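A.B. asks: Fit chain A to the given chain R structure using the hints.
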Amino acid sequence: MIAAPKPDLVTVNIDGREIAVPKGTNVIEAARLAGVDVPYYCYHPKLTVVGNCRMCLIEMGMPAVDPATKAPIMDPATGKQKINWIPRPQIGCATNAAPGLHIRTNTPQIKDCREGVMEFLLINHPLDCPICDQAGECKLQEQATGYGRGYSRFIEQKNVKPKRTQLGPRVTLDDERCILCSRCIRFCKEIVRDDVLGFIDRGSYSTLTCHPGRMLTNNYSLNTVDICPVGALTSTDFRFKMRVWFLKQTNSIDTESSVGANTVVWSREGIIYRITPRRNDMVNDTWVSDSARELYKPVRAADRLTAIKIGNVDSTLDAAVKAAADLLRANAGAIAVVGSGRSSVEEQFLTRKLAEVVKASIHFVSRVAAGDGILISSDRNPNTRGALVTGLISRFEHAGSAGVRPASAEKAGKMPALPGGVVTGALSELAARIDAGTIKAVVSINEDLVAADLTPAQLAKVAVIHVGTHANATSAAAKVVIPTTTVFEKNGTFVNQQFRIQKFYKAVPGPAGAVDDLIALERLGTALGAAAAATEVNALWTTLAAEVPALRTMTFANIPDTGLLLDATPWTGLHFIEGETLHYKPAAAAAAKA
Amino acid sequence: MNLKPETLRRIDEVIPHYPVKRSAVLPLLHLIQEDVGYIPPEATEWVAQKLELQPINVYEVVTFYPMFRQKPIGRRHIRVCRTLSCALMGGYKACETFEKEFDTHRGEVSPDGEVTIEFVECLASCGTAPVVMIDDALHEKVDPAKAKELSAQIKQQAGQRR
Numbered sequence: 001m002i003a004a005p006k007p008d009l010v011t012v013n014i015d016g017r018e019i020a021v022p023k024g025t026n027v028i029e030a031a032r033l034a035g036v037d038v039p040y041y042c043y044h045p046k047l048t049v050v051g052n053c054r055m056c057l058i059e060m061g062m063p064a065v066d067p068a069t070k071a072p073i074m075d076p077a078t079g080k081q082k083i084n085w086i087p088r089p090q091i092g093c094a095t096n097a098a099p100g101l102h103i104r105t106n107t108p109q110i111k112d113c114r115e116g117v118m119e120f121l122l123i124n125h126p127l128d129c130p131i132c133d134q135a136g137e138c139k140l141q142e143q144a145t146g147y148g149r150g151y152s153r154f155i156e157q158k159n160v161k162p163k164r165t166q167l168g169p170r171v172t173l174d175d176e177r178c179i180l181c182s183r184c185i186r187f188c189k190e191i192v193r194d195d196v197l198g199f200i201d202r203g204s205y206s207t208l209t210c211h212p213g214r215m216l217t218n219n220y221s222l223n224t225v226d227i228c229p230v231g232a233l234t235s236t237d238f239r240f241k242m243r244v245w246f247l248k249q250t251n252s253i254d255t256e257s258s259v260g261a262n263t264v265v266w267s268r269e270g271i272i273y274r275i276t277p278r279r280n281d282m283v284n285d286t287w288v289s290d291s292a293r294e295l296y297k298p299v300r301a302a303d304r305l306t307a308i309k310i311g312n313v314d315s316t317l318d319a320a321v322k323a324a325a326d327l328l329r330a331n332a333g334a335i336a337v338v339g340s341g342r343s344s345v346e347e348q349f350l351t352r353k354l355a356e357v358v359k360a361s362i363h364f365v366s367r368v369a370a371g372d373g374i375l376i377s378s379d380r381n382p383n384t385r386g387a388l389v390t391g392l393i394s395r396f397e398h399a400g401s402a403g404v405r406p407a408s409a410e411k412a413g414k415m416p417a418l419p420g421g422v423v424t425g426a427l428s429e430l431a432a433r434i435d436a437g438t439i440k441a442v443v444s445i446n447e448d449l450v451a452a453d454l455t456p457a458q459l460a461k462v463a464v465i466h467v468g469t470h471a472n473a474t475s476a477a478a479k480v481v482i483p484t485t486t487v488f489e490k491n492g493t494f495v496n497q498q499f500r501i502q503k504f505y506k507a508v509p510g511p512a513g514a515v516d517d518l519i520a521l522e523r524l525g526t527a528l529g530a531a532a533a534a535t536e537v538n539a540l541w542t543t544l545a546a547e548v549p550a551l552r553t554m555t556f557a558n559i560p561d562t563g564l565l566l567d568a569t570p571w572t573g574l575h576f577i578e579g580e581t582l583h584y585k586p587a588a589a590a591a592a593k594a
Numbered sequence: 001m002n003l004k005p006e007t008l009r010r011i012d013e014v015i016p017h018y019p020v021k022r023s024a025v026l027p028l029l030h031l032i033q034e035d036v037g038y039i040p041p042e043a044t045e046w047v048a049q050k051l052e053l054q055p056i057n058v059y060e061v062v063t064f065y066p067m068f069r070q071k072p073i074g075r076r077h078i079r080v081c082r083t084l085s086c087a088l089m090g091g092y093k094a095c096e097t098f099e100k101e102f103d104t105h106r107g108e109v110s111p112d113g114e115v116t117i118e119f120v121e122c123l124a125s126c127g128t129a130p131v132v133m134i135d136d137a138l139h140e141k142v143d144p145a146k147a148k149e150l151s152a153q154i155k156q157q158a159g160q161r162r
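One line per chain: the protein sequences are R and A, in this order. Mapping of the first sequence onto our numbering: residues 1 to 594, in sequence order. Mapping of the second sequence onto our numbering: residues 1 to 162, in sequence order.
Only chain R is shown next, with the shape it has when bound in the complex (with noise of 0.2 Å):
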């Protein structure tokens, strides 16, 4: 039996299939629900609807009133409500779902209006596919297979226009293959509010292109590449390295800021070629920053850290924990522990058991930068809320929090290209202690410590054990240094900005040489007395669950991967430092409207 629909869902009838969906859906989107397939191009749930390609026409029909006195006509052969159905199709997208509207996408008339759009959208397609990056991803070929009639009637010349504008620095338009859909104006336009794109010479010869003198170099440009439904606007970067297909897709987090944007990470054997966007409606709709898809790029860089080092020595993790240890034990009582907000929750729970067991007092570098109100906000540190989730930190402090504002949604046009101007510190305890001489030997988790202002002189009075993805001058300091995997080649989670725990997965393997934190931190803990953990993501989240509060009932398997809401209320009395950035208002703020 069938559920009465709740009060703000309407039930509509797809192909003779009622389901109720909620008022106003479109018809594309109601379909969906439904299980329906109706082809588009230029719509797209996150844009506003302009209806230019005409791809997802239906046939739409309300239920026959009498117009004089309303009464419900009814058809005597089936015994229903008479059904008016209007002659000509609509398009879906534009149609909002009624009580009682009926569609249909089925019946040979639509079958004839997509093969007549998809016939005029391949007059003056190139049919480059074997040599289109699109291809794979395209959604005109998928549709040309799908709906359209499989062979061409076209024996005229087809249209010549650009084949390789540089929109900006790195986005490339071939013009030919654009179907006019204008998704990346309205994107421009809407999301990023820098409306530099545009057709010009409309009608036969329409090229998209920016304003002359103008670029495209906003930094979500590359959205543009991902929403474009044709080969039209393809990445410079990725352009011509590799097809897709070949690709195997690991779900990420873009560890950039603590917004923790949702991405897919492609990578085929073991090497990253691409970052793109993951939709989730709550954090980065289907968005995601230039800068966040540039990050693999340090992941095979010369800097990274390969070798397991005592005292400049290459060595054995074995060899380098007893080094550690026997470091720390000497120094006991005088030591400290910097932890990261670009590590995850499971490796910040392992570095506060380490801290814990030889009695360190523990710091927190934090990163601070002018958000862009979008999807990068002023605190560039993936996790610190993962590090008050965990208890590694209960408050903090940021470099230069006088000087940083949080930023407001930038005006239009003026959108940095990258950003940039990250300031990074507040060690100004630690360095207090190191001068006082009660601090001997320091502990930086994935921490340049003299990037986070410590000076070379103070770190040359302690003895540094790092562990750490690349080289810097702490690790060129440290007594111990023991490399470690980046995010891309790990399991863990980080908590976001609005406390929501997500996950990410291991794209590729570390490169030789470079150990596990999770394992370096454990194999650390163990070595100076305390319990033995789990290094492994899924065993070490009971012990998690039972000894983290807001993390309780939790396995790291049902975390969903939209990621899940912690209950935030023990910090709401901390100032945190973001300003608004999409589906996130600052509790002041958010207090203030209420």
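Mixed in with the good hints, there may be bad ones.
[To be verified] For lysine to any residue, the following SDA-like pairs were computed, each having C-alpha atoms within a straight-line distance of at most 25 Å:
1) K161/R <-> E108/A
2) K21/A <-> K161/R
3) K359/R <-> P298/R
4) K71/A <-> F199/R
5) K158/R <-> P40/A
6) K100/A <-> S151/A
7) K163/R <-> I227/R
8) K161/R <-> S151/A
[As the list claims (entries may be wrong)] Heads up, incomplete: computed chain A residues facing chain R, CB under 7 Å, no partners named:
9) Q54
10) I56
11) Y59
12) T63
13) Y65
14) P66
15) E96
Everything labelled a hint here was simulated from the structure, so no lab data went into it. In this text the structure is predicted, and so the values were computed from the model without any measurement. Just so you know, even glycine gets a beta-carbon here, dropped at the ideal spot from N, CA and C.
C.D. replies: Frame of chain R, contents of chain A only:
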């Protein structure tokens, strides 16, 4: 771009005629073309700023209409009709005569900078085909002889100006 004070006055006068500023793009472009003779690139940006738009929004409009010129033309604009009636009655011949007289090709500025000759669509005087519009004046039944006569007039006026 230096607009005449009169043009600026008319621009400010026309904007509030529309419910949204954006609607004034077309009249502004017309006024500028009337004043300057064409739409220079900086005019696009000037109009965008004036109407609180992005330059691309104005540029889209400029490129859509073939009658907005993006390059300067000669001092006199000769528009020869080539729609059906005029084409049948010798519009092409008239155009060729003008081209020969001023030693130029349609769409270009003549070497002396005096004229630009162009084909246009219907000038709405089919009964007196072929017709030609020189600046704002309509000339009817322009056979090659009359085209020569008109050319001579233009040249004479040009000579007087010098």
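A.B. asks: All the hints need checking, so say for each whether the structure fits it.
C.D. replies: Evaluated hints:
Straight-line distance between C-alpha atoms of K161/R and E108/A comes to about 24 Å, which keeps the hinted pair within the 25 Å bound. Proposed proximity of K21/A and K161/R is contradicted: the alpha carbons are some 33 Å apart, above 25 Å. Distance hint between K359/R and P298/R is unfulfilled; the C-alpha atoms sit about 34 Å from each other, more than 25 Å. For the suggested pair K71/A and F199/R, the alpha carbons sit about 20 Å apart, so the restraint of at most 25 Å is met.
Between the alpha carbons of K158/R and P40/A the distance comes to roughly 32 Å, so the proposed pair goes past 25 Å and is violated. Our distance criterion of 25 Å between C-alpha atoms is met by K100/A and S151/A, whose separation comes to about 10 Å. About 19 Å separates the Cα atoms of K163/R and I227/R, which keeps this hinted pair within 25 Å; it holds. Using a Cα cut-off of 25 Å, the hinted pair K161/R and S151/A is violated, with the two alpha carbons roughly 39 Å apart.
A cut of 7 Å between beta carbons decides the hint on Q54/A: the least distance to chain R is about 4 Å, and the hint holds. A cut of 7 Å between beta carbons decides the hint on I56/A: the least distance to chain R is about 4 Å, and the hint holds. Hint on Y59/A holds. Least Cβ distance to chain R is approximately 5 Å, under the 7 Å limit. A hinted interface residue such as T63/A counts as satisfied when its beta carbon comes closer than 7 Å to some beta carbon of chain R; here the least separation is about 4 Å, so the hint holds.
About 9 Å separates the beta-carbon of Y65/A from the nearest beta-carbon of chain R, more than 7 Å, and the hint is not met. Checking P66/A against chain R by beta carbon gives a least distance of about 9 Å; that is not within 7 Å, so the hint is violated. This hint is violated: E96/A has a C-beta 27 Å from the nearest C-beta of chain R, more than the 7 Å allowed.
Consistency with the previously given hints fails for numbers 2, 3, 5, 8, 13, 14 and 15, ordered from lowest to highest.
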